[in-house]
Amino acid sequence: MWPAVLLVTLPLAAALLMLLWPRRARVLHFAVAVGLLPLAVSFLLQVTVSGEQQWFLGNWGPLLAIRWQADGLTTLLLLVSVTLHLLVSAYVGSIQRRNPLPAAFWPLSNLLLASLQALWLSRDLFNLYVCLELLGMVAVALVTLSGDKALRPALDYLLYSLFASLCYLLGVALIYAGYGVLDIPMLAGQLEANWLNAVALTLMTLGLMLKAACWPLHLWLPAAHASAPAPVSALLSALVVKGPLFILYLLWTTLAPAAFLPAAAYLLASAALGAMLFGGIAAIRTPYSKSLVAYSTVAQLGYATLALAFILRFNLPEFVAAMWLFVLSHALAKAACFLAIGELQHTLGARQVEQLKGASQTMPLAMFAFAVAGGSLIGLPPSGGFLAKWALLLGLWQSQQFFWLLALVVATLLSAAYVFRVVVLAFDRAAPTAPDFSPQRLPQYLALLPALLVWVMAVFSLPLLTLLKQEL
Amino acid sequence: MQAWSLEFLPLLIVLSSLLPGLLIFTLKEQQVALRTSLNLLGVVLKLVLVYVMWQGVKAGDNYEFRLAFLPGADLILHADALSLLFVVLSSVLWLATTIYAIGYLENSPLRSRFFGYFSLCVSATVGLALAGNLVSFLLFYELLTLATFPLVVHRGTPQSLAAGRRYLAYTLSGGLLLMLGVSLLHLLAGSPDFTPGGYVLPLLATEGALLKVAFALLIAGLGVKAALFPLHGWLPQAMVAPAPVSALLHAVAVVKAGAFGIVRVVYDVFGVEVVSSLDLAWPLLFLAAFTILFGSWCALAQQDIKKRLAYSTISQVSYITLGVALLGPLAAVGALVHLVHQGVMKITLFFCAGNYAETLGIHKIRELNGVGRRMPLTSVAFTLGALGMIGIPPAAGFISKWYLGLGAAEVAQPWLILVFVLSGLLNACYFLPVVYRIWFGVQYSAWPAPQRFSQRLETHWMLLVPPVFTMLLILLMGLFASTELSPLSWSELIVEREFSFDD
Amino acid sequence: MIDLSHLLWPGAGLGLVSVVSQGWLVFSLILWVLALGYSLSSQAADPKATRYWLFMLLCFAGNMLLITALDALSFYLGFSIMSLAGAGLVLHSGSKQARRAGRLYLQLAIIGELLLFSALVLRAAAAGGLYDWQSWQTVPLDHLTIALFVLGLGLKAGFFPLHLWLPQAHPVAPAAASAVLSGAMIKAGIFGLWLFLPAGDPLLQQWGQGLLWLGFGSAIFGALAALCQQKSKQILAYSSVSQIGYVLMLLSISWLLVPEQQALALSALVAYAAHHAFAKGALFLLAGSASRYRLSQLDLLLLGFFVVSLAALPLTSGAMAKAALKQATAAAALPLALCLYLGALCTALALCHLLMRFRVEQRELLSRTVADSMPWLQRLPLLLLALAALTLSWGGALPSAWVSWLPLELAAYTGLSLVALAPAAIWAASWPLLLAVPVYYGLQRYAAAVLQQLGRRQRWVFFCSLWLKRRYQPLA
Amino acid sequence: MLSFYLYLATAALLLGVGSLGLWRGPELLRRILALNVIGAGIFMLMVSLAYRPVLYGEPADSVLHALVLTGLVVAVSATAFALALLGRLLARPQ
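As given, the protein sequences belong to chains A, B, C and D, one line each in that order.
Just so we're aligned: 234 in this note's numbering is position 234 of the first sequence, and the numbers increase by one with no gaps anywhere.
Just so we're aligned: 165 in this note's numbering is position 165 of the second sequence, and the numbers increase by one with no gaps anywhere.
Just so we're aligned: 117 in this note's numbering is position 117 of the third sequence, and the numbers increase by one with no gaps anywhere.
Just so we're aligned: 13 in this note's numbering is position 13 of the fourth sequence, and the numbers increase by one with no gaps anywhere.
Just to be clear, a hint being listed does not mean it is correct.
[Claimed, not checked] Each pair of labels, with its calculated beta carbon distance range:
hint	chain 1	residue 1	chain 2	residue 2	range
1	A	L57	D	R30	50 to 58 Å
2	A	Q96	B	F25	27 to 35 Å
3	D	V73	A	M186	24 to 32 Å
Calculated directly from the structure, the hints in this document are not laboratory data.
Even glycine gets a Cβ: it sits at the ideal position worked out from N, Cα and C.
Okay, chain A solo, but in the shape it has when bound (with noise of 0.2 Å):
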């Protein structure tokens, strides 16, 4: 238990004292982060060996209680968020001399960090409402830090996160009206298929969509994280999208009565459509980079929902292990597609994707870095990409769903368009765009790290797959 608790607490307490020390911020961040990546390793080897583990938290009894799971799947979480945090930690100090960020981004990331990890351990309505929540406020505070530009769009998201909130707030109080339980595996199977339930459940779902950036509730999502510093961005669309993404699946796949799973099934999946195509579209037309790694998060987003939604359809385990395994590499790959795209952007001063002309000479490593990130994105072997569409693919043929196959056909080549939109272009030796400033090579080969990470997620497909309790 303890591991756990400390994932959650010590970057909570870390926030505390930053405020309190804004001078030692820097070094105590440093130290909880690297110090919690042992912690997360210790912690999923632990659940590893003795498997899925629960507290109850201020030992309470069970009905009053907040109960804290910590399965394969939310372990993974934990440690992916714990890398990542550190890395965009790292990022963010390499290029601190450059373009500093402001100090709060100290404590706000560390506080990203602790409701994040509470989010992934908590299965209770309420807590999690209180996470998200948070998380939202945070990622908000987060995204003002590139200063007056990123403000209408903060406010935007912040108003639609709280509305999202609160949604998902009502649906909590309308099944606690029901059932006078929040506690999700005691609330398993319960639920009836009254209309009650159903309008919670499409409020939450509402929510969480709008949350998770959903199409076509995804407005928010390119404006907010297009504007926000570069390693923000990174951390947005890495982990905090797919918190509320964790919920609707901990919803859906415990909660919610059999007899409203098809609709909701078809809900999803033409949202993941949606997202598929439009996202990619979008992204293959906007003219500035990161909108283009934006939109393409609003896009691969998509396949999570889809393989969620088939989820519910069919339950194969191939769609589980496709969606976390989507999440999973998604989140590596697009930090490392911000982080490089970030890179590029201060180095040649582009904002717009035409100004990457001639990146491959002049910025190698950060655009070798993008272009094996959005190879996982594309779903190349071997990447993790590749491992989840694969998994996704074998559900779709056992299941015969042909005209899903053929969108994710479709779906897959306009990634294949957006990423190498930019990939073509930099190998354009007509007119490179000049670097500013002589590149800093530690920062693009920490947005290669993450990228090369997910190629050898390929690899240990096995364990992960172990890990997610799915065999293929």
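Add chains B, C and D to chain A, keeping to what the hints say.
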């Protein structure tokens, strides 16, 4: 043979070009000597290793390297006779192309990047040849796409970028279709090792329709790289790449990867029996026959040397597909031997085209008038390559055409001989006028951009040695077809092993 | 016999296992060596001599290889080397006529080669993957294969109506090259037909009749077309079309005969081919020399010798060959006697015309320049060819010890010439020649303009060839 | 009993008014306020749900009270944050 070498030799063969390639990426532009020696070291090492493996495979050793990859589908590098055919082809031609590329790119920028990807490309090709199951094949197939793309756009001009986009659009779609097919087949039959005679026979009774779908997907995916008719659009455009790249692309790496994949799918995944009982060969046969004629027909109208060669590739590679689709042992021999012969002949032609362009600035066919006197060795090599393409003895192309023709007659499809004859005619129509201009044409204006690379030789020696070397290969392979070393004998061995399972 | 099957390709081998191929090799070799010797002098001042020798030697090698080949692939190798290198000879001068003749030659050569290729493939497949023609002898033919062989090899042999390239290509090539083209290379087509079409096959009995008449048509057509030409080399070329028709007739007759009598027809075939090779080769050489040098008395004598030899005047090799032809037709019981007389008349007319044109050309040359006398290096091959022709017809009369070392049954051919000595045969051979002189005079007197007009009617060939070229090589 | 339904109706009304305000927009302040109204509606709903056991003579649901308290804290801080952002946005030089 020790156990470790049985296990690690295939891996070492892939790494022998991969590691130098990765090292080269880190080199600075000025470190010419180090880069060149790394390149050559990789080439020589690979050739030695391939030789060792060749001897081993002939003696019946079983080389296999396994790495856990997907559930139920390991990453396998396995050496059998068929893969060795392709490995030997690509390693030998890599040697020639490396030397050629060093000479060709002398004093041009971004060489580290070029040679890095060049090595990666060969590693992917060799990996693809050694891939022991469909999933490994898919992996290397996609890696090949990625490794060749930077080479195609290396020049960085608007045309090459457009070509690169098109190349990606085609090959990535193809890769995706292949992935769909592989995943479907994985679901139906798992992903066991390639087996002579195929492994889907038990499913024939129950899953016929899905097997057909899988076959169509696989062939469509592979057909993109093999430039089968409606999927060939990328190839003519991709010839804007530097000459060594075109040479490698057309002769070994990309189009051959597709053709080789088709061979694998038909013989080692589905097996002749399943393919014929599901009537899968017919569409492939017609498509290949049409592509042969179509490619040749398009080549006629091209005025650019490399473009004409590109369309000729479309036509010639389909010979391989056609031979495979005929499903007979003799046709299979023809197809396999053409895999090698076409590679050597086409690489010679591209080397020569590169020499003309680099030395005299000649890009158009009409500028070739009388070039035979200025560059005799290159022109002899070009002439022999062209004669081989037409299928005139003693060039190697005749041997493969002969076996393909015999194969067609053997399975009672003599109308296909007409296809070969017509294609040979068209080949003659677009190659002989070029040869005529080279030797008999009268030079009517100064060379567009002449350069003196050497005092005594017609061009830089590094540009001259590779085409002469491959030209000698063409002659030797055509004349001494029956010797033990020849591709023909090796193809017969492969076919013997493949078809002995059907009896 | 040399077995190369472990080195080259399955079944590869070289050797001379039949009387026909032995005879064929000997006369081709003689002609080739003498033509090459002639080139030593004729191409001495040629700036493109290297190229000339390259193609000439390639053709030579190809020709020898195809005669000695024991398997289909070696034959095809030799055949294509010879055909393609031949294009180099036709194109050699680089003039406009040479270029368009070369184009036509190449177009038809490639088509012919591909037809031959498909025929060989079909045959090899029918023989179960065996390539040596010995084992093909017992494999039954089918119509498609025969048609492909006749077309593919016929395009090389140049009998009517596949002769289109021949009258254009021979005149533009250098003299020695024309000599071997006409004397040795076009015979490769007939040789191939003999090689690949086993005589005993029942289908050939049907085809034999047709080919016989085709050969006869070619013989008449060639001679008449020669009458319409004005240039001596072109007359010679058409005369080749005519003569190859006779060779084809002999081959067809050999198919129609019962096996016991086939040897006779085959001897006649070789004899005829050899006779034509010597005579036509020599005439082409002479024509080449005559366009540059003054002909001495000796040269005129040689000219006369070869002309009467071609016209089959008694006591010449031509008479021997014709007698053999008649004998063979008689053996096959074909009612061809009248036709043969007609043929002889036409041949004689063409040769009269040739002599006339020779005289005109020589006069024109002398009126323009003061030409030297013909060098001895060019005269010597002619003398040797005359000797060869004489040996062919009278070698059998020599003591057998003198000729027994030859790898041929020379006596078989000589026996033929003895037949020609019978008075009846002499009369039969002579009267068409005697008739020819007044007829030729009459024609020149009353129909010269018409003939010239007809002679110009061959441009359509080039139009077709150009049209074809524009198909595959459109104007930019 | 009637009061319970009255509370519920009030909660629903608040929700409706808040949603309408949010929908109509477009001023940011109006939207922030609307969100607060919605939040008030939800808390009202929760408090009335907590009141429900009292109707049957049981003690009120203290868990819900705790939840409402937590929710209020969250809502207040969120509102404060939103207002702060709005302030900065409006203070920004145009």
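Verification of the supplied hints:
no. : hint                          : verdict
1   : L57/A with R30/D: 50 to 58 Å  : violated (39 Å)
2   : Q96/A with F25/B: 27 to 35 Å  : holds (29 Å)
3   : V73/D with M186/A: 24 to 32 Å : holds (26 Å)
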